[in-house]
Amino acid sequence: MTTLPPEFGLDVITAPDVLTIEVVGDLDYETSDELLATVADHLTPDPAFQRLRLDFRGLTWIDSMGLSTLLMVHRRTSATGIALTLDNRPGFLQRMLDLTGTLDHFTATAEGEGEAADSGTGTGTGTGTGTGTGTG
Amino acid sequence: MLVVDRAGGIVEANDAARTVLPDVTGGDGPYENLPDWLTEAHRHMTGGLGATWAEPPSGAIGGRHFEAHPRPGADGDVAWWLIDATDRHLAEETLRREQERAAILSEVSSTLLSSLNVPRCMEVTARLATRHLADAAVLVAPAQGRRHPVTYAQAHGPAVRVTRAVDPATVPGLAEALQGFPPVPTRWIDPGAIPAWAIPEGFEGPVGSVTVTPLPGHGVPAGALILLRSSTVRAFTESENVFARLFAARAGAALSAARLYTEQAAVTATLMQELLPPALGGVHGVDYAGGYRPAQDSERIGGDFYDVHPGADPSQESLVVLGDVAGKGLDAAVLTGKIRNTLHALLPLAHDHQHVLNLLNAALLTSRHTRFATLVLVSARHRAGRVRLRLTSAGHLPPLIVRADGRVEESGTRGNLVGAMPAVSVRTEETVLAPGETCLLYTDGITEARGGPLGGELYGVERLKRALAECAGMPAEAVVERVQMLAAQWLGQGRHDDMAVIAISAPRPRPLTVTGGDMHRGHSGNPGRSGRPGEPGVPGDPGTPHERHGRSA
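Chains A and B, in that order, are what the protein sequence lines are.
Be aware that the first sequence starts at 1, since it is given in the numbering used here, and climbs by one per residue.
Be aware that the second sequence starts at 1001, since it is given in the numbering used here, and climbs by one per residue.
Just so you know, these hints were derived from the structure itself, not from any lab.
Here the structure is a predicted model, which is why all the values come from computation and not from measurement.
From the three backbone atoms N, C-alpha and C, an ideal C-beta is built for every residue, glycine too.
It is possible that some hints are incorrect.
To be clear about the criterion: a stretch of chain A counts as covered by chain B if any three or more of its residues have a C-beta under 8 Å from a C-beta of chain B, and this derived list gives those stretches [unchecked claim]:
| # | segment |
| --- | --- |
| 1 | 66-76 |
| 2 | 100-106 |
From chain A, some residues computed to sit far from chain B (all C-beta separations above 12 Å) [said to hold, decoys possible]:
| # | residue |
| --- | --- |
| 3 | L10 |
| 4 | V12 |
| 5 | D63 |
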């Protein structure tokens, strides 16, 4: 009866000013290094984009190492002055961010950029910036 | 071709046969000048059995190898066609030897790899070497400090293991072999120059030939093998040296694996010793019970931990900590140790959870990683039959409180995880436990246990809450056992992460005749009205209380 989760994969979409990485499958102890490596590859000292969009539409699960990796991605993008958005968050990811009190952290730094870019992010539900409900 | 009559007399031999058998004159007696194997084959033929061999008879004649094919003639004569099969025989001989060697190598691997015990691996290597390669073998392992473990073996003798200060430079090629350099050609080693320590005690006769072969390990050499043959046996051939190197490669890999495993096991054991959750019990009028079930991945130390720090006296709060570190293995173990030590040192400040967590956060922050921990702090104090709790979650699953009437409340405390963000902000919540009420702290190993009737389903907080509703009035220990049991049932045979649970209970007043100490110390005694399901002292539950004080006073 158990259905295997889709295999982990990262789809990188380059657009002017925005780099989108679609995370498909489980982001966990075994796979999260791959995400960090992919982000690191694109974070050159003078990157061609101002915003990194992580799209979680295809995310099936995330564990603590996955969250740790998102925190590292955020640290890296902040250091480079790049805005990070976590888009199309499934319920379990939203709950994890709420529980661990990290949602504000992810959204706060991106705020300035986020509001300006909001019109451009209208790709669907729960775009990371601005729409976060905060801890409550 | 030669024709032999019924009696064994040579009737005719052609020129080729005479070349092969130059002693045949034509006037030979029965079987005279015939090789034994051919004589036997002829008797077999003429004895009425006929040519019933699966393979034609064959054997050596004058240093070459022949096959004999019979053609029965008139009068019981047999014409034997001798075919020179020397080259084929050589090829077959080589093939057989190669097959034998392959079998030996496979035996070496399977014998050695079945043991992860380093001394035993060295003994087996030395013994196998004497069985297949040489009269005696000396295995020199890399130095431990200034001394080398040395294993001696002789054919038909036991292996002897010693650790002694030997100088590898005294055996030509040994120092190099121990550093992993290729072996020195045998002919360069003067058998007379071999020092006494490199010859097993009781070795018969002077040393005739010697080889020194490195045992290549994973990255670092696993040692070197000295093979000795006595002077009465022929020296090592090049092909034997090649085989010795193959043997050494297998042995080295096995030894190296055993050594790595031993080191890893020792590290794990040391860390586990430090990280094992403490035994809990009653402290200052509050009951504590804990349960920890590590992930099956037993080589990896998990990231769950808990501690109970009793207050200095009953009027002081005790601090309970339960947490979960991101990841597993050595990194997680190091972080867990750091958190437990730091919190221990911060105990004097435990009246302000937010302050403690911020200090902890600052101690954990590093630019190298964002490995974080989520944890719950609970300060507990018994007062007039009730237990006052201050609960703070730092990004962790909020504690669940089981009321006497079966209601299950989720604590409203919230806060940030520690170790990855610049600051921690938390909301502490207070509550009071009436007698028989319990506060449960747990890690996500419980709620994220996958299983159930359909398999692959999460256990979840809601199921846990329903299960707890049935635990109203149970003592702390029983609640922990119940939760662990339900999670285990849910999992079935499934894999799981670390699972840690702590229950904090306000003990119910009990008749003074049943003292707490008696109840929990003796496993044989029936706890009477405590209502505990299951057997006492369930294996794997480190939280069996060993002590309780102050409750009935």
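Would you check whether the claim that L10(A) is not at the interface survives, using Cβ distances to chain B and the 12 Å cut-off?
holds, 19 Å
Non-interface claim for V12(A) versus chain B (Cβ beyond 12 Å):
Holds, since 22 Å exceeds 12 Å.
Are there three or more residues in the segment 66-76 of chain A whose C-beta lies within less than 8 Å of some C-beta in chain B?
Holds: 6 residues of the segment 66-76 of chain A have a Cβ under 8 Å from chain B.
Beyond 12 Å from each Cβ of chain B, as asserted for D63(A):
violated, 8 Å
Three or more residues of the segment 100-106 of chain A near chain B by CB distance under 8 Å?
holds (count 4)
The structure is inconsistent with hint 5 alone, although it conforms to all the rest.
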